[in-house]
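Using numbering that gives the first Met the number 0, you'd call the opening residue of the sequence shown number 0 and step up by one each time.
Take these hints with a grain of salt, some might be off.
To be verified - Restraint-style ranges between C-beta atoms, simulated for each label pair:
id, residue 1, residue 2, range
1, Pro178, Asp35, 24 to 30 Å
2, His256, Ala213, 36 to 42 Å
3, Ile272, Ile176, 43 to 49 Å
4, Gly17, Gln203, 18 to 24 Å
5, Gln203, Glu116, 33 to 39 Å
6, Ile272, Ala85, 35 to 41 Å
7, Ala19, Asp54, 30 to 36 Å
8, Glu86, Asp271, 35 to 41 Å
9, Gln224, Thr68, 28 to 34 Å
10, Ile277, Ser195, 37 to 43 Å
11, Glu90, Glu31, 41 to 47 Å
12, Glu86, Trp206, 53 to 59 Å
13, Asp259, Glu98, 22 to 28 Å
14, Thr68, Ser195, 50 to 56 Å
Don't read these hints as lab results, they were simulated from the structure.
Ideal Cβ placement from N, Cα and C applies to all residues, glycine included.
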Amino acid sequence: MTDTKIELFLEMMSAERGAAQTTLKNYQRDLEDFADFADRNGTQIAAADTGTIRDYLAAMSSTGLAASTAARRLSALRQFFGFLYAEGLREDDPCVAVEGPRRTRPLPKVLAEDEVELLLDEARRKSGPDGARLVALMETLYATGLRVSELVALPLSAATPGTRILMVRGKGNKERIVPLSEIAAQAIAAYVAVRSRHLKEGDQSPWLFPSRGASGHLTERRFSQMIKALAYDAGLDPSRVSPHVLRHAFASHLLAHGADLRAVQQMLGHADISTTQIYTHVLEERLKEIVTRHHPLST
0 MTDTKIELFL EMMSAERGAA QTTLKNYQRD LEDFADFADR NGTQIAAADT
50 GTIRDYLAAM SSTGLAASTA ARRLSALRQF FGFLYAEGLR EDDPCVAVEG
100 PRRTRPLPKV LAEDEVELLL DEARRKSGPD GARLVALMET LYATGLRVSE
150 LVALPLSAAT PGTRILMVRG KGNKERIVPL SEIAAQAIAA YVAVRSRHLK
200 EGDQSPWLFP SRGASGHLTE RRFSQMIKAL AYDAGLDPSR VSPHVLRHAF
250 ASHLLAHGAD LRAVQQMLGH ADISTTQIYT HVLEERLKEI VTRHHPLST
């Protein structure tokens, strides 16, 4: 049976904030879970103090519950006790002094350099216009680390003969310059030479990778399907390979070979250096490997 105070809170969330039924059910589930914990510790949910809430967080942590789940439940408690305090049903808010669980940021999934080479080699084995397009996509992605949305929406003007840079419009409509390797530039040029076979007669598509879909260019979903099929053909687990994983590989491999973190940040289009710093785990692993392999006292 749902506690009366929880029912009042859910009614408020529905009437005043227009919360969806799914949201209300999630709040109810999380609050009732805490209510059961409080009851086992000899108190009612509406009377729970800061210590009870901290004990609840500790109990969730000890059972290995994901930090994201604990954070969501604490958020529900903050909303609930904030409501009780605002309505005069409590004289204090026990959540004010409670710190939320720290969420560890997962390390990006990265392919090894030889695995990327397997993908590129497999792409080069594909023949015809579709093969040329696939090679251009793969070489450009690995050479630049573009977001998949940026890659598939490259304008035809990006393929200017002899160019070694791409002008990319990214998040927030911000433009950035990304250098293009000689190999990627050659792959684009080879693809453009046969690109007309993808177009209907008289079509003057402005996109480098045109499509007959609504967007006018290759979709992110279609390219993701293409890259997974390529991984399968190359003998790699398709679940480990995606356009975003190739973006991670670009950044990690650059740093492993001595690239400056700020330069990588600019090429990736990260607004904050802290977003790019997650890739430094590659450097840390490389340093550990060097010490283990070469330091006289490592064995």
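Hint-by-hint comparison with the structure:
no. : hint                          : result
1   : Pro178 <-> Asp35: 24 to 30 Å  : violated, 58 Å
2   : His256 <-> Ala213: 36 to 42 Å : holds, 40 Å
3   : Ile272 <-> Ile176: 43 to 49 Å : violated, 18 Å
4   : Gly17 <-> Gln203: 18 to 24 Å  : violated, 47 Å
5   : Gln203 <-> Glu116: 33 to 39 Å : holds, 36 Å
6   : Ile272 <-> Ala85: 35 to 41 Å  : holds, 40 Å
7   : Ala19 <-> Asp54: 30 to 36 Å   : holds, 31 Å
8   : Glu86 <-> Asp271: 35 to 41 Å  : holds, 39 Å
9   : Gln224 <-> Thr68: 28 to 34 Å  : holds, 32 Å
10  : Ile277 <-> Ser195: 37 to 43 Å : holds, 42 Å
11  : Glu90 <-> Glu31: 41 to 47 Å   : violated, 24 Å
12  : Glu86 <-> Trp206: 53 to 59 Å  : holds, 56 Å
13  : Asp259 <-> Glu98: 22 to 28 Å  : violated, 35 Å
14  : Thr68 <-> Ser195: 50 to 56 Å  : holds, 53 Å
Hint violations for this structure: numbers 1, 3, 4, 11, 13, all remaining hints satisfied.
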